[in-house]
Amino acid sequence: LAAAGGRAAPAMARDSEQTLQTASLPSVLIVQLLGQNKVDCRQKQVVIQSQDSFYRVLTSEQKAKALKGQFNFDHPDAFDNELFFKTLEEITEGKTVQFPMYDFVSHSWKEETVTVYPADVILFEGILVSSSQEVGDLFQMKLFVDTDADTRLSRRIRRHRTSVHVLS
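In terms of the numbering used here, the sequence shown opens at residue 1120 and continues consecutively.
It should be emphasised that the hints constitute simulated quantities derived from the structure, not laboratory data.
Values in this document were obtained by computation on a predicted structure and should not be read as measured data.
Across the chosen pairs, the derived CB separations fall in these ranges:
| id | residue 1 | residue 2 | range |
| --- | --- | --- | --- |
| 1 | L1272 | Y1236 | 29 to 37 angstroms |
| 2 | Y1236 | H1194 | 25 to 33 angstroms |
| 3 | S1273 | E1209 | 31 to 39 angstroms |
| 4 | G1213 | R1277 | 30 to 38 angstroms |
Note that CB positions come from ideal geometry on N, CA and C, so glycine has one too.
Go ahead and model the full structure; you've got the sequences and the hints to work with.
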């Protein structure tokens, strides 16, 4: 891929941890889509993170329910909201943040961590990302994307096939 002006887009940094650092081209496109194309987009950094990283570690009883399809992962209590708020707060303060990756098979955190570096634009996606007033207050802008039920179901099945491996 080439970035604006014909330059090669920088590669994403990777090390023994999963590291999230954005390249110039996606930053330019996202900043323009956000209507901020009056700023020098080549200087902007964008981080995209999912609320899925902040599911709670399940107890033995909750894991048994999850295996039977009886645990509601689409409820605010399914998330570690304290960790989510603390992480989001540190990101908005411009700090480099590390947090554990969630394992959808064991319903616990992996030893691997995700590192998020300071950025100009932080996009957090998730169905309940602003369900907490405390968390919602940290966002400068909120965008809700409504999709039809068939599309939502298709995306959910595809996500679970790749991350949980129970439907394949």
